[in-house]
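K.L.:
Each chain is listed here by its residues.
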Amino acid sequence: MTQRTTLDLVDTSGPPTAPSTEVASAHPSLILGEHSLCPGCGEPVALRLILETLQELGVVQRSIGVVGHGCYGSFVRIMDIDVLQCLHGRAPSCATGIKRVRPDSVVFTMQGDGDMVNEGLQEVLHTAARGENVTCILLNNGVFGDTGGQQTATTVLGQRTKTSLEGRAAAEHGYPIPISDLVASLQGVGYVARGAVSTPGGVAQTKRMLRRAFESQLAGEGLSLVEILTMCPTGWFVPASEGPGYQSESMETVYGIGELVSRRGEQS
Amino acid sequence: MSLELLSGSVAITRAAITAGCRFFAGYPMSPFTGLLEAMSRELGPAGGTCINAESEIEGVNMTIGAAAAGARAATGSCGQGIALMQEAIAEGALNETPFVVFNMARNQQDYFQCTRGGGWGDYRTITLAPKDIHEAVEHTQLLFHLADLHRAPTILYGDPLLAQTLVGVDVQPLELDPLPAKDWALDGSLSGTGRSRQVWTWAMGKATDPGLGPDGHWRAVAEKFDRIAEQEQRHEAIAVEDADTVVVAFGSAAKFAEHVVEELRAEGHRIGLFRPITLWPFPGAALAEATRRARRVLVFELNAGQMLDDVRQWAHDRDTVRFVGGVSIGESGLDYGPLLDVPVIKQRVLAALDLEPARS
Chain P
1 MTQRTTLDLV DTSGPPTAPS TEVASAHPSL ILGEHSLCPG CGEPVALRLI LETLQELGVV
61 QRSIGVVGHG CYGSFVRIMD IDVLQCLHGR APSCATGIKR VRPDSVVFTM QGDGDMVNEG
121 LQEVLHTAAR GENVTCILLN NGVFGDTGGQ QTATTVLGQR TKTSLEGRAA AEHGYPIPIS
181 DLVASLQGVG YVARGAVSTP GGVAQTKRML RRAFESQLAG EGLSLVEILT MCPTGWFVPA
241 SEGPGYQSES METVYGIGEL VSRRGEQS
Chain G
269 MSLELLSGSV AITRAAITAG CRFFAGYPMS PFTGLLEAMS RELGPAGGTC INAESEIEGV
329 NMTIGAAAAG ARAATGSCGQ GIALMQEAIA EGALNETPFV VFNMARNQQD YFQCTRGGGW
389 GDYRTITLAP KDIHEAVEHT QLLFHLADLH RAPTILYGDP LLAQTLVGVD VQPLELDPLP
449 AKDWALDGSL SGTGRSRQVW TWAMGKATDP GLGPDGHWRA VAEKFDRIAE QEQRHEAIAV
509 EDADTVVVAF GSAAKFAEHV VEELRAEGHR IGLFRPITLW PFPGAALAEA TRRARRVLVF
569 ELNAGQMLDD VRQWAHDRDT VRFVGGVSIG ESGLDYGPLL DVPVIKQRVL AALDLEPARS
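Chains P and G, in that order, are what the protein sequence lines are. Sequential numbering of the first sequence, starting at 1, is according to the numbering used here. Sequential numbering of the second sequence, starting at 269, is according to the numbering used here.
Nothing false has been slipped in among the hints.
Each pair of labels, with its calculated beta carbon distance range:
#1 THR433(G) / GLY131(P): 31 to 39 Å
#2 PHE380(G) / GLU266(P): 47 to 55 Å
#3 ALA129(P) / ALA497(G): 36 to 44 Å
#4 PHE237(P) / GLU599(G): 57 to 65 Å
#5 ASP445(G) / ALA240(P): 52 to 60 Å
#6 GLY389(G) / GLY148(P): 18 to 26 Å
Covered by chain G, per the in silico footprint, the following chain P stretches (three or more residues, Cβ under 8 Å):
#7 71 to 79
#8 121 to 127
To be clear, the hints were calculated from the coordinates, so they are not data collected in a lab. Glycine residues also receive a C-beta, built at the ideal position from the N, C-alpha and C atoms.
Kindly produce the complete structure, drawing on both the sequences and the hints.
P.N.:
Shown next as structure tokens:
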């Protein structure tokens, strides 16, 4: 029998050795502590991607975040970034005010789908139409996670929620709103993309989208939006381990992954 | 000194710019619209930004953003539009963003709206009610100062007369005390240093610096409003020292009432006027003193009797208080009706005195 030398490199009979320690300590320096979100939630992954991107672009000390209300609101405590937490839905309006008086700052919003697409639908559409030079990030898990899994405007047909227990039915609950497609249809946007954090490949792709969105803001191209499909196994009534698979099968088949608008390199 | 013939809306805009206002966002609604139009013309050349927002809700939240970033910022509307803004005004009070709200109201029915608010939480809004455009020019500058001094939204309670009348105005900067630096304002410069800032109604702090938390923060805000209530009361009292009748009125209506009081004084009546300049904090102790010797306290306001509650609370003897105002809206619904007229006010005051008008 052939000796499998690769497995012998890791000794599991004792505590983790140096390489494991290095991985554990490689958290982004902009995260100040542990998050308090549920196991299996996709939002901490998205937060990490956002903060890493700002760091890699070298714009941290002119970055200002604007967050709405939802589970991710707890990130205010652990983000080492200047943050305005604003009313449900209003983040793009607040970001507009910040960016207009501090045009050299890098302004980003972070909202959930309940925040942006329900109560804040008008805000994001008008902010996009005005071409405000800010980056909006949507953490879309298809439910109101913070309040325990009720239906939002992005809940896909057939999805069970606390307020559509038998699954969202168009006849009763209407149709989901593909917000990125709506925003992409407006003039005034520089970059629009939809990613997902359900797979390692999706995480890497989403990070590239975030980078391009912030680069679009830095180039002054207008509003940039990255919708990130994230897991909410708690709100979906599925085991945490099944969250990524459920997301891939349900949301990602409805909301196409990819870039919808990219003005980089276009001649004006 | 050079006088210019300006509408109140333009005069207030000039005063705001003189005070350092560099961001304005609002949604058209008469009679506030003139102020928005003036801001859109004059703020850009002054190096600022004016946004014709798509709703009152967006306008006030843009203003919160600009204020949180350290700019002197303002918004405005009237009546129903202010109602839409109340959630954000409360948010601004509780997350301590300073900005000015110009309520160029249609009448005096916004008194509760300005002094009680409609948002959640233990908050108040400093509200100044100028009697004319000259005073509005001063109040506008003072409100930006008070907003920054106390880190709280403030309100100018105007009306159609204030917004649309033309007068000769010379907008001069007020001499005001220096203010503390806005070291709390968000500019991103402390991001990534472990000392980044937050502007947050719940004030839970960062993981590395927990701060006061919601209970401590909201207690501190409530205590701040208690201090403001003590410090910022303003009023005007005319001929109350020997008055057995004191008329209480605010804003434009007070200017008319003042004229009535002057006429009745000239006719031999011992009558005076008390005018709250700050509607909140209400100058209660001063009203109690001004009405100490009065047998009658007559409240004239153009609504169903909103300030009446405050007057009853603070008058030396609440049983002396009578309401001589009332709802009075013009046919357009956008301005005052027939009660805002010196002869009408005089008739009501005399009726309350149980006296007939003096014959000429």
